[in-house]
Amino acid sequence: MRDVAIMGAGMTPCRSRWVEKTFWELAQMGVSEAVHDAGIKIQEVEAGVAGIYNDIFEFQAIPESGFQGIVGLQNKPLMRVSNGGATGAYAMLAGYNMIASGQYDLMLVLGVEKALDCYDFEAESATPAVVQTIGYSWDPWFERPLGAHASESYAEVIQAYMDEHPGDLAPLARAKIVELFCEHAQNNPYAQRLGEKVTAEQVLHSRYVVYPIRALETCVYTEGACALIFASGEMAQKIKERTGREPIWITGVGAANEPYFVGNDITRYKVLHRIYSDHVATKKALEQARLTIDDIQVIELHDAFIPQAMITLAEMGVVPLGRANDLVEKGIIMQGGKLLVNPSGGLVFGGHFVGGSNMMSTWSVMRELRAKNLEHGLIHGTGASLSMYGVAIVLERRA
Amino acid sequence: MPRKKKVPVISTRMLPQAGITEVKTKEGKFLLRNDVMFTAMKHTQGEFSDFFRSIRDEGKLFGHRCPGCQHLIVPPFMKRCPSCDFVEMSKEYVKDVGVMAATPVITVFAPSRFKGEVPFGTGRVFLETLDGKLSDTAMLLRVRTTRGTIRPGIYGKGTPVKIAFRDERQGEMNDLFAVPQSELTAEQVARSPLLESEIEWGKLAGMELGEPTLERREALKEVKTRFQKLGEMVSQSPRATANLAAWRRTVTVQTGGGAFSFVVEKKKLRVQDETAEKADLVVTVAEPSVLLAWLRDSTEGMAEGFGSPALTDLVIDGTLVLDKPELETITRLDRVPRSLRRDQIVSGTGRS
Numbered sequence: 001m002r003d004v005a006i007m008g009a010g011m012t013p014c015r016s017r018w019v020e021k022t023f024w025e026l027a028q029m030g031v032s033e034a035v036h037d038a039g040i041k042i043q044e045v046e047a048g049v050a051g052i053y054n055d056i057f058e059f060q061a062i063p064e065s066g067f068q069g070i071v072g073l074q075n076k077p078l079m080r081v082s083n084g085g086a087t088g089a090y091a092m093l094a095g096y097n098m099i100a101s102g103q104y105d106l107m108l109v110l111g112v113e114k115a116l117d118c119y120d121f122e123a124e125s126a127t128p129a130v131v132q133t134i135g136y137s138w139d140p141w142f143e144r145p146l147g148a149h150a151s152e153s154y155a156e157v158i159q160a161y162m163d164e165h166p167g168d169l170a171p172l173a174r175a176k177i178v179e180l181f182c183e184h185a186q187n188n189p190y191a192q193r194l195g196e197k198v199t200a201e202q203v204l205h206s207r208y209v210v211y212p213i214r215a216l217e218t219c220v221y222t223e224g225a226c227a228l229i230f231a232s233g234e235m236a237q238k239i240k241e242r243t244g245r246e247p248i249w250i251t252g253v254g255a256a257n258e259p260y261f262v263g264n265d266i267t268r269y270k271v272l273h274r275i276y277s278d279h280v281a282t283k284k285a286l287e288q289a290r291l292t293i294d295d296i297q298v299i300e301l302h303d304a305f306i307p308q309a310m311i312t313l314a315e316m317g318v319v320p321l322g323r324a325n326d327l328v329e330k331g332i333i334m335q336g337g338k339l340l341v342n343p344s345g346g347l348v349f350g351g352h353f354v355g356g357s358n359m360m361s362t363w364s365v366m367r368e369l370r371a372k373n374l375e376h377g378l379i380h381g382t383g384a385s386l387s388m389y390g391v392a393i394v395l396e397r398r399a
Numbered sequence: 001m002p003r004k005k006k007v008p009v010i011s012t013r014m015l016p017q018a019g020i021t022e023v024k025t026k027e028g029k030f031l032l033r034n035d036v037m038f039t040a041m042k043h044t045q046g047e048f049s050d051f052f053r054s055i056r057d058e059g060k061l062f063g064h065r066c067p068g069c070q071h072l073i074v075p076p077f078m079k080r081c082p083s084c085d086f087v088e089m090s091k092e093y094v095k096d097v098g099v100m101a102a103t104p105v106i107t108v109f110a111p112s113r114f115k116g117e118v119p120f121g122t123g124r125v126f127l128e129t130l131d132g133k134l135s136d137t138a139m140l141l142r143v144r145t146t147r148g149t150i151r152p153g154i155y156g157k158g159t160p161v162k163i164a165f166r167d168e169r170q171g172e173m174n175d176l177f178a179v180p181q182s183e184l185t186a187e188q189v190a191r192s193p194l195l196e197s198e199i200e201w202g203k204l205a206g207m208e209l210g211e212p213t214l215e216r217r218e219a220l221k222e223v224k225t226r227f228q229k230l231g232e233m234v235s236q237s238p239r240a241t242a243n244l245a246a247w248r249r250t251v252t253v254q255t256g257g258g259a260f261s262f263v264v265e266k267k268k269l270r271v272q273d274e275t276a277e278k279a280d281l282v283v284t285v286a287e288p289s290v291l292l293a294w295l296r297d298s299t300e301g302m303a304e305g306f307g308s309p310a311l312t313d314l315v316i317d318g319t320l321v322l323d324k325p326e327l328e329t330i331t332r333l334d335r336v337p338r339s340l341r342r343d344q345i346v347s348g349t350g351r352s
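Heads up: the protein sequence lines correspond to chains A and B, in order.
Residue 1 is where the first sequence starts when you use this note's numbering, and the numbers rise one by one after that.
Residue 1 is where the second sequence starts when you use this note's numbering, and the numbers rise one by one after that.
No lab work stands behind these hints, which were simulated from the structure alone.
Please read these numbers as outputs of a predicted model, since none were measured by experiment.
Any given hint might turn out to be false.
[Stated by the list, open to error] Residues of chain B clear of chain A, computed beta-carbon distances all greater than 12 Å:
1. L15
2. D136
3. G210
4. L281
5. R338
[Said to hold, decoys possible] Cβ-to-Cβ under 7 Å is the rule here; a few derived chain A residues that face chain B:
6. I42
7. L78
8. M79
9. E122
10. G135
11. Q159
12. L272
For each residue, glycine too, the CB sits at the ideal point set by N, CA and C.
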């Protein structure tokens, strides 16, 4: 496999609602920013991958078809990837493989999503309709008819973990992470919740959405786009000679999806108190990069729900399973701690435009590696029922 | 017995009228077109038909067992075992008792099509096999209690449950649900199938309120004043007004210090001195000071921190008792304080 570099990244601002723009223009804005950031022309790009989570959010089946021409890839291949919440990370995985295999040298990897066009005319509110749209991700025979949905499903995993590890995922530890990510988001010019201050106390007093998850522990719904430019090592060198800018390298990728049905045998079924997909994906990515989790200095986590993000960090090996409170109580991820987590504010405060959220995470890690002269970062994506999809991608800045 | 009553798949109130609205933002005026992504279905139940027919016609459950690895899966979500070279699995009936795989969760904010059903509990059950073992997979079910609104503490990991069936069934997962065995008689646990109508469902209200002491009466007086003030603040806040949109309820509040009622209507909140003759919802709480703490938080802002949990928490932990499992009035009220802070109607640490 060949080395793969990321040459540029382009973000739109994250907003809960872009009535001013369709997903076509959001896509174009992201791509335009990315090619300018990379210092290339779109005509040089040979192929593209478009991460779009959900046709219903875009109000169009094969929504990526409109991109051809708009993002400048006419008569070139553009592959759409849709893999639940992990769509963005899986789209990156596809782009990575298309270059690493030797087929292409310069690619566009784009993620875009609308969401808040969905509207419940009975409740006169968008949110129940957005939650319903995501709820269509559950199987139509056994689980969806019971009202299974994203928060319910992740709450099952969180609750099962707490059954297994009583006292871990303590409310105060969770609340302090929310407060921390809110502070981080204030340094992200594209963050949806820029200018907002949420305190740990507010979190503890916010209402439940699904017991045991509180409203201020959940990610937001976002509309936006992020585009990345991937290049082969040889192409990266050529572009660098032109722009003088060091690329960021992808040195490890890992992905795993757990089974849909729940049981006790982890080799056969989803074990409810684990997010084993995150464990497997991270292990594979680190092995490929020839690193351990202790070498990672910055992680952009897919924090769909804060307690889930704590379990994910334990699955990655940052702390042992059952000791996720240490992330806060030992200061591991807090200000001045040894590990920087979600400097973008994550999906709770930065934004969660599903098809591109993991690309926002990538934009953020690239920024941190460069700004703080760090070497190794990690991107994480999760999604689908019971957090069963997991992707981990190791990024490296070569001094 | 198949269900007789005709029920539309979705509420017709969810369907928009054709039309285009214009919204104004800092960047100009933009159009929004009312529409639906409309696809009606006659949805294939295929290989699961036998399972759902068994639920509908016999009130019995079965799984599939692999002759190779001997794993028993319930529901029978596949016919061939991929771990054993896709060997065909065989049908095997299971008992209608089992144990919770984990503590169930309680949905407070639901998707559109389930929003009238909150709060509801869902959890996974390992079902007992005929030889007294457990199935290898756990099946998602609604979990219910005979003792009022579903709340934490009723179920935990390993709680023994009985699967009960609705009297009128049409062959779907909502035809069955779990109840803790501890809430049933031995005879009920032994009966198969156990029907919903054969279970004694406790009344949701009926809390003992105790004596209306002077302290409680004084507290209630302040509750009414503060509730009225909250109503006035809602009218000044676009976000809080939106929180009450498309909702009309008359609610009687019974406390140990007396009763009053309030009305949510036309995006407004107003207090009435007396109890309502025809209340849509009755909320009972022994100590009016519980409501007072929430109202102080809501109307005074957050300068001195929080004195109360969210109302939803108070329902979930059983402090506030509702006479029916309809939580939406409570969750809507719970959104109001943050909206007031964000719209700077009260001081606090909302959006600056």
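Outcome of the hint check:
1. L15: Incorrect as stated: the minimum Cβ-Cβ distance to chain A is 7 Å, not above 12 Å.
2. D136: 5 Å, violated
3. G210: 27 Å, holds
4. L281: The claim holds: B:L281 sits with its nearest Cβ about 17 Å from chain A, beyond 12 Å.
5. R338: The claim breaks: B:R338 does not keep its Cβ more than 12 Å from every Cβ of chain A (closest is about 8 Å).
6. I42: 26 Å, violated
7. L78: 23 Å, violated
8. M79: 24 Å, violated
9. E122: 4 Å, holds
10. G135: 4 Å, holds
11. Q159: Holds, about 5 Å.
12. L272: 5 Å, holds
Taken one by one, the earlier hints fail for this structure at numbers 1, 2, 5, 6, 7, 8, listed in ascending order.
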